[in-house]
Amino acid sequence: MNMHAPTETRALAAASAPDAPLPGYQRLRTLVAAALALVVLLSIALGAALLPDDGLATNLSARALPPGADHLFGTDPLGRDMFTRTVKGLALSMQVGLLSAGFAALLALVLGVSAALHPKLDAVVGLLIDLVMSLPHLVLLILVSFALGGGTRGVIIAVIVSHWPTLARVLRAEMRQVLAADYVQVARMLGRSRLYVARRHVLPQLLPQVLIGALLLFPHAILHEAALTFLGFGLAPHLPATGVLLAESMRSLAAGLWWLGVLPGVCLLGMVLMFGRIAEGLRLVLDPRRAQD
Amino acid sequence: MNAAFSWRAFALRRALRLAILLPLVALCAFLLVSASPIDPVGALVGAEVMHVGVEQQAAIAHKWGLDQPPAERFLRWFGNALQGDLGRSMIFDDEVIDVIGERLLASLALMALAWTLSGLIGFGLGILAGALEGSLWDRLIRGYAFVLASAPTFWIAILLLLFFAVQLGWAPFCCAAPPGVLPDEATLLQRLHHIALPALTLSLLGVAQVTLYTRDKVREVMASDYALLSFAQGESRLGVARRHALRNAALPALTLQFASLSELFGGSILAETVFTYPGLGAATVDAGTRGDAPLLLGIALFAALFVFAGNTLGDVLARWLDPRHSRAARNDMAADA
Amino acid sequence: MTTDMLQIRDLRVSFSRYRGLLGRERITALDGVDLDLRPGELVALVGASGAGKSLLAHAVLGILPRNAQREGEIHFEDAPLCAKRSRALRGKRIALVPQALTFLDPLARAHRQVRWAALAARRDTPHAQAQAELSRFALRADAQRRFPHELSGGMARRVMTAIATVSQASLLIADEPTTGLDPQVRKLALDQLRALADEGKGVIVITHDIAAVLPVADRIVVLNEGRSVDHLPAGDFATGRIPHAYTASLRRALPEHGFAAPGTPASACLPTPTASPTAPTAGGEAAPCFSARHIRWQWPGNTQPTLDDAAIDLSPDRITGLLGASGGGKTTLARILAGYLKTDCDLRLDGQPLPTRGARPVQLIGQHAELGLHPRMKVGASLREGWQPDAATLERFGIRPEWLGRYPHELSGGELQRIAIVRALVPGLRVLIADELTAMHDTITQAQIWRALRDTLAPRGVAILAISHDEALLRALDARILRLHEGRLIPRPEPEHRQPAPALMR
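Chains as they are written, first to last, in the numbering used here: chain B, 1 to 293; chain X, 294 to 630; chain R, 631 to 1136.
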């Protein structure tokens, strides 16, 4: 059992091969990137609220214009301004993502934690997780949103139902690990109450996991919302959702209206990448020790 | 320290799991489909619903067994399903099982191609990135994987379609065969021509996950004591990766690749829709949008089996290939002790 | 006099690491090490665990981690050993002796791994030479084809030595070759290293266990706080002719040589016999205060039970020692006695069942202190989970006040261990179970800690169960020694002239 003698020098050393280059101010870069991403996302939300709605109206005098000074992202065959539609679409995606990822994280927290508390609950939650995971995400999403007749509500519920298990698994494992940890046992043996253990030991370990987990669910939720909408099971066609925009762009592909598909997609991709950045920054702030350089 | 591993116990455990999961999946899927506000008769008759009388509607409902209580309908449907009778697809006017079989054949070619390509490329990139951690190569590969993992599948498909089919005209715009040619009569070359773009889309996306996962495993290996010994013997980072990381990362990557069949299935739904490729994925979307409950149920059941088979196969292969689990090694030990 | 093959002068290795979120700090691990080595010589580099000794090996081989910085000179065979030269020489002229199963690739057969070493050394026929080398160490052809997990402990040891020797390197470096080994295998490992030196190679053994390497070493280099403070022949250390003060106290602190802790006033070391409430009756044992019966434990998947109806009594008048190799079930027993593992055994304190709430009278100090401290709590807060120790107690166990404001990862394993010890000394303590308490420490710290424990606990009448792989330590504690055999505890015969260890334990 005494095999761990050299661990301390190893703890000092970065866990990687020798002669790998040491990245310079990586942590600072991560934090700056996260802050920038946050600013951009907030300005998208703000911009969507401030942009006038007349960009969404059909304007037959400005049909299918390529990107230019008047229309940054061009216009579609109905003369609608693609920039306005894209920004509003992104904001809509964020709303849907926020709602569904938030609720999915909440569900994961409740189920994951209760699973770790009692073996019977664990069996039930385990079966639920297996059940959800036994179908491909998209098939489950289609089934749920089919059952609810599509629409925004259907998409949100479908995303919640299909996305909680991954985080629930992580939280269940973390809970189990903390509860079985030596430091919890020691505290109990030193006469500390269960409440003390929950407050001082479990909560500080679990909270960062929940926050980061929820933030990582976000991009998944947004991408799946877009996919579902694109397939016609999601948000209604009259909404400026990104999935709707991309589905419409398919019809004009052969006509060479490339900007209809490319630009909103790039923006969606950028938004998802930015959420990843924010999650990385948050992880660093919440747990600098685990976020190894 | 592990209890002796027995394949029989493993098979029994797996069978039991399937026996529990499959009926549950079936029940949930059935409840979901039954709860749908989409009127199956209306969806079936389509725009002609105005011209169909009430009696006729009732007759159609009776023909499909729609007038019976849900519990009874589920038991009858699931009982039939176990015997291979999944009912009739409304939109294809054919047995569901035949529709699935026919569509699966088209999808299978697509998925197998994408699965193999993404596995090989992803593993290779992962090894390279992990071995050269911190280098330009690593950053490029990681950036590529992150971008692909964050991009919507269908959008990548649209981009490829735009570039290769519209801009360059290299690839066909849709379908599994040239217009006017039945898929069965298309030549191998024609079929390959039509499958290339969807397969490329699917493999591009599959690459991201395997790459990032393999890279993590390789980093783990590169920080291990046995890698340290190799470094002390004068091996370069690539040398150590070739000697240790290849073999130690291959098994987990293989397991992951099998577990990713679920994602692959989801990806094929999107890719087939964009490329109008007549596979199982496109059929799923049709069944959903046009309210073909029996087909949707059948596909859900099949998808569950598909995912389960993938996971099981991955587990079996990992155990079988790993010398630490192999039976021969164990016997050898017992004889020696 | 033959010339030195290796000369190390003022070697310093420091790390840069993050402190807090963005701050950086430099940690100096080696702070001036000198070492000379001649062919045919075995030099032991001795220092406390976690003091960075391994870095010497990594520096010579040129495989320091990427965030480390090296200063000072290393000369190998009369030319400076720069990064480029060590890259060219490692694996050929300089070899690392793999010392644990973790140094073998779990997915490659034994023969193949030896062949890699031969290949690295540019031997002309690696395959045959690997085979010959393994045969030289009496490994049959079928054993050569085994995977590491299929090798017995002794076989693995021989494979690892073959990996080091097949290169025909002239300088061999072994890092902690004795950690976690049974006495027999430990002797085998050290004898093999000695044999290599006798063949004319230069061998450096890096270890924290000075007693183990004494019989095989020619010379000893003593490391204290990252500096090499003394160089002396091993014979001189054994006989006690030691001019240097630190080395002398290191020797005096050895369990075999008086177990003396420097710096403590003599009066503090010597508890008055009357202080113990249950004074030992002449020749007999006092009534036990803690008894455990019918202890059974079997790990799932094991064919043999680890503990099979074992029984143990602990009394405050004499330390009970539990001796045994690693993996033998000692820790399992400790965790059962302390209530960490629940079983149906019968645990009694003064004839009464143990309380199940409040601070328990039976406390366990585990082997890995870092696991017992919450990673996100400052150690001061963790310490106060037990009780509020006064400054004198902290000082007695060598805890500096500023440590209390730090997080566990900012302290060393030895420092954390002291925190864990003091935390366990709650007011109602009756039984203390110490599992490999001082395995991580150098001998001086070991003596200091045990003395402080004794000083604190003897007047309070606390029974102690000391678990260790080190028989000399248990003897120095004048412990009644038990051994685990087939799931039961059997007493080990007392030495013929048992002296009631006047210096420490009475």
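Since the hints were derived computationally from the structure, they do not count as laboratory data.
Hints may be right or wrong, so weigh each one.
With a straight-line Cα cutoff of 30 Å, these simulated DSSO-like cross-link-like pairs (lysine-lysine) come out [claimed, not checked]:
# : chain 1 : residue 1 : chain 2 : residue 2
1 : R       : K817      : B       : K120
2 : R       : K722      : R       : K817
3 : R       : K714      : X       : K510
Keep in mind it's a predicted model, so treat the numbers as computed, not measured.
Could you check the structure against the hints above and give me the numbers of any it violates, in ascending order? 1
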